[in-house]
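Q: One letter stands for each residue in the lines below.
Number of protein chains: 2
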Amino acid sequence: MSRKLHLNAFLMSVGHHEASWRLPESDPHASWNVKHFQELARIAERGKLDSIFFADSPVLQGDPGRRPAGKLEPTVLLTALAAVTEHIGLIATASTSYNEPYNLARRFASVDHVSGGRAGWNIVTTAGADAARNFGLDDVPLHADRYERAAEFVEVATKLWDSWADDAVLADKEAGVHADAAKVRAINHRGRYFRVDGPLNVPRSPQGYPLLVQAGSSEDGRQFAARFAEAVFTAQQTLGEAQDFYRDLKQRAAALGRDPDGVKILPGIVPVIGDTVGEARELDAELERLISPEYAKRQLAERFNLDPDDLDLDGPLPADLPTEDEIEGAKSRYTLIVDLARRENLTVRQLIGRLGGGRGHRTFAGTPVQVADTIEEWFGSGAADGFNIMPAVLPSGLVAFVEKVVPILRERGLFRAEYTGTTLREHYGLPRPANRLELSKV
Amino acid sequence: MSRKLHLNAFLMSVGHHEASWRLPESDPHASWNVKHFQELARIAERGKLDSIFFADSPVLQGDPGRRPAGKLEPTVLLTALAAVTEHIGLIATASTSYNEPYNLARRFASVDHVSGGRAGWNIVTTAGADAARNFGLDDVPLHADRYERAAEFVEVATKLWDSWADDAVLADKEAGVHADAAKVRAINHRGRYFRVDGPLNVPRSPQGYPLLVQAGSSEDGRQFAARFAEAVFTAQQTLGEAQDFYRDLKQRAAALGRDPDGVKILPGIVPVIGDTVGEARELDAELERLISPEYAKRQLAERFNLDPDDLDLDGPLPADLPTEDEIEGAKSRYTLIVDLARRENLTVRQLIGRLGGGRGHRTFAGTPVQVADTIEEWFGSGAADGFNIMPAVLPSGLVAFVEKVVPILRERGLFRAEYTGTTLREHYGLPRPANRLELSKV
Chain F
9 MSRKLHLNAF LMSVGHHEAS WRLPESDPHA SWNVKHFQEL ARIAERGKLD
59 SIFFADSPVL QGDPGRRPAG KLEPTVLLTA LAAVTEHIGL IATASTSYNE
109 PYNLARRFAS VDHVSGGRAG WNIVTTAGAD AARNFGLDDV PLHADRYERA
159 AEFVEVATKL WDSWADDAVL ADKEAGVHAD AAKVRAINHR GRYFRVDGPL
209 NVPRSPQGYP LLVQAGSSED GRQFAARFAE AVFTAQQTLG EAQDFYRDLK
259 QRAAALGRDP DGVKILPGIV PVIGDTVGEA RELDAELERL ISPEYAKRQL
309 AERFNLDPDD LDLDGPLPAD LPTEDEIEGA KSRYTLIVDL ARRENLTVRQ
359 LIGRLGGGRG HRTFAGTPVQ VADTIEEWFG SGAADGFNIM PAVLPSGLVA
409 FVEKVVPILR ERGLFRAEYT GTTLREHYGL PRPANRLELS KV
Chain Z
9 MSRKLHLNAF LMSVGHHEAS WRLPESDPHA SWNVKHFQEL ARIAERGKLD
59 SIFFADSPVL QGDPGRRPAG KLEPTVLLTA LAAVTEHIGL IATASTSYNE
109 PYNLARRFAS VDHVSGGRAG WNIVTTAGAD AARNFGLDDV PLHADRYERA
159 AEFVEVATKL WDSWADDAVL ADKEAGVHAD AAKVRAINHR GRYFRVDGPL
209 NVPRSPQGYP LLVQAGSSED GRQFAARFAE AVFTAQQTLG EAQDFYRDLK
259 QRAAALGRDP DGVKILPGIV PVIGDTVGEA RELDAELERL ISPEYAKRQL
309 AERFNLDPDD LDLDGPLPAD LPTEDEIEGA KSRYTLIVDL ARRENLTVRQ
359 LIGRLGGGRG HRTFAGTPVQ VADTIEEWFG SGAADGFNIM PAVLPSGLVA
409 FVEKVVPILR ERGLFRAEYT GTTLREHYGL PRPANRLELS KV
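Quick note, the sequences are listed as chains F and Z, same order. Here the working numbering is used: the first residue of the first sequence is 9, the next is one more, and so on. Here the working numbering is used: the first residue of the second sequence is 9, the next is one more, and so on.
Bound-form chain F, shown alone (with noise of 0.2 Å):
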């Protein structure tokens, strides 16, 4: 069987752009109404993807004024659109830093039973001082001290789902006996940041633990990825960039004792599409006309943790930027950003065009055929196991690549025309993974 690849629809609000909103086929108010997910989950799963995506963070992010800033909890938003579609996955980013593992597991696992096995975290560490002031903090805890906390909250994660044997239940009416009580039990977790005694108080689900995502790119983040995840959202401006970070996450995982297949790699992109080349950069250029650039330019200088002030519209960014290291959160998609704007000579106010779309994704305008061209080129180079489609406008961005792009990718041998199977896992080829708790018995 040939190679195939793997597709995942990040989806948010009316769009990845942060004009789509401004478009006249859209509404301003789809954040928060859940038909707008209904109808794009089932638009996504026509397609045959293997899984929708919702980011999140624990705070309100960017300025409510210019565009739809609140969204609805995403574990809630995946049980709404689990009742409505068969066998799309379905993944939500959690942070481990402001969540307890006890309440984190038992909600992925209840997403997992209640989608019959379509469930998937996207695990963060949250950057950002404004989240922790919603936590009782006065500032982010450090970069390698999140890290550090992610890494033991999976494990206490890990342990709970493993707390029920998968054949724990024995459901005996005559004798009366539900569960055999030796096969649910507690794991007395004692680390640096958690004490759990368990055993979780849902059994075993479907795919035993929901698929495992990590988005970082920084060293650390890598570093987390090649232990724990089973699929990586990455931005990546270049071919030769995207090949660097591939064959380097898959050597840590080897490193790590792992399959390197075992860890799917999703470059993100954002597809501008139209039927012509003339259509597809027309979109683009009143995608670009609606952007606000002051708005803009504030939100850059605050990654860059600068004052507005410094930077210049019209000009190149300031010579004199923080390092990687002085930047508390999103390290590598800060120093991608300067690159870009670096490589290609940018002013301010290009820089903020090609950032309106993906946030440092990579956007490009072009035909259905165009769009099939770039992915089949990173799939076959060692740059990708699949990708991560951000529509800049949805629904149509997200119609337009189901019914346009996902056809060509089919006919090239390169994509599925049905589900195979029923769980998120089964969709990635990935195994369901044994419950350590029946190992340690042996």
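Careful: at least some of the hints might be erroneous.
Any copy, or any two copies together, can satisfy a pair, since identical chains are not distinguished.
Unchecked claim - 16 Å max Cα-Cα, derived EDC-like pairs, lysine to aspartate or glutamate: (1) K181 with E33; (2) K181 with D35; (3) K181 with E294; (4) K181 with E296; (5) K12 with E47; (6) K181 with E249; (7) K258 with E334; (8) K43 with E411; (9) K258 with E294; (10) K12 with D269; (11) K12 with D180.
Because the hints were derived from the structure by calculation, they are not lab data.
Since the structure of chain F is already known, use the hints to place chain Z on it.
A: Relative to chain F, chain Z alone:
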């Protein structure tokens, strides 16, 4: 308009009776099967009940060897039920001791958005050292401390729900202004237990706040209910006690300046329904035969802080029991059980039989007319604004209630024939709370 009853279905696994899973009709895997609960929600909605409710604790409760112990996380479960229903209210328990207010406020606001205004939160402080040990603690915090934290938790949650004005979203595409930023405000809460900056990252939900429900009947619990609760679930064994409780709680609410009618009081009842008295008694006896007395004795001993050997199945409760003050969780339930055993001179075995169905809630076997008579009597004599219906066996007990008891209540003019509102608050005749952020501007 005559005063109408409110009916909530308190749903648990395959029934409140601890042995219900052993009946031939019961699916012993139903506790984590969303289809089971979707069926129950549809039955309750067919009966035009106000709401359904799921209790919860972040710990594995009870002996998984003896009865279905695990369950789905209730905000996930409510969301899955919202997707297949249109009118019925959806209430779940969540703990103020083991959640962060930012996360929980957002989750309930999200459920309220997704359900179109049907979410309710049963606010609990969570008793038990076993739950504490899933969250880094050695023992449960003191009863009074838990209630103090709960009060601050609700204060933070309501501030967050008010952090977006109802008219904050302008969606002005032309001007590029999504929300009026002055109407999305930080809360900057600084308290003993929490520091939370806000604003919440989701707009104000259809109901403003989810319906606030409370179920503790201790001194601390009553005072908390009088201050915050809009519906109160309570266990009352006799009409006299129920009247005392009802009067006390309404007076406390009035003393705090609230409209006593804004606090709906719903005692629990566990009806075991048969077409004849004989049939009802036969079902009751069958359930009692299926109880495992040694297991139930262990549970009772735990509640009493005793060794199981201190309890003689065929003797009375020991004379020398702890006082309510010495009990750190479920205080008023403890006293209710001791009083019940002493008032009726029950042996431990008889007491176990009486508790098997409702854990202290009023259980009785009877015909539909007898059940309706009791409901009418309590409703008409200052003991209840409605009832928390706790079927001993599910789905059959709920079907019997909806098909046989509800029509009698409807004929007597006590209960609605159709839903007249769309939100949970409308079903209970309760107002949508004003936004205090908006008030504070005046």
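Q: It remains to establish, for every hint, whether it holds in the given structure.
A: Verification of the supplied hints:
1. For the identical chains of this complex, K181 and E33 are inter-copy neighbours only, at 11 Å across copies versus 57 Å inside a copy, given an alpha-carbon limit of 16 Å.
2. For the homomeric pair K181 and D35, the shortest alpha-carbon distance between copies (10 Å) is at most 16 Å, but the shortest distance inside one copy (53 Å) is not.
3. Taking the shortest Cα distances, K181 and E294 sit within 16 Å of each other only across copies (14 Å), while inside one copy they are farther apart (66 Å).
4. For the homomeric pair K181 and E296, the shortest alpha-carbon distance between copies (14 Å) is at most 16 Å, but the shortest distance inside one copy (65 Å) is not.
5. For the homomeric pair K12 and E47, neither the shortest alpha-carbon distance inside one copy (26 Å) nor that between copies (39 Å) is at most 16 Å.
6. Proximity of K181 and E249 under a CA criterion of 16 Å is satisfied in neither setting, with 60 Å inside one chain copy and 37 Å between copies.
7. For the identical chains of this complex, K258 and E334 are neighbours neither inside a copy (28 Å) nor across copies (59 Å), given an alpha-carbon limit of 16 Å.
8. Taking the closest pair of Cα atoms, K43 and E411 never come within 16 Å of each other, the shortest separation being 21 Å inside a single copy and 33 Å across copies.
9. For a Cα distance limit of 16 Å, the shortest separation of K258 from E294 qualifies neither inside one copy, at 39 Å, nor across copies, at 61 Å.
10. With identical chains, the CA atoms of K12 and D269 are at most 16 Å apart within one copy only, with a shortest distance of 12 Å there and 63 Å across copies.
11. With identical chains, the CA atoms of K12 and D180 are never at most 16 Å apart, being 44 Å at best within one copy and 44 Å at best between copies.
Against the hints set out earlier in the document, violations occur for numbers 5, 6, 7, 8, 9 and 11.
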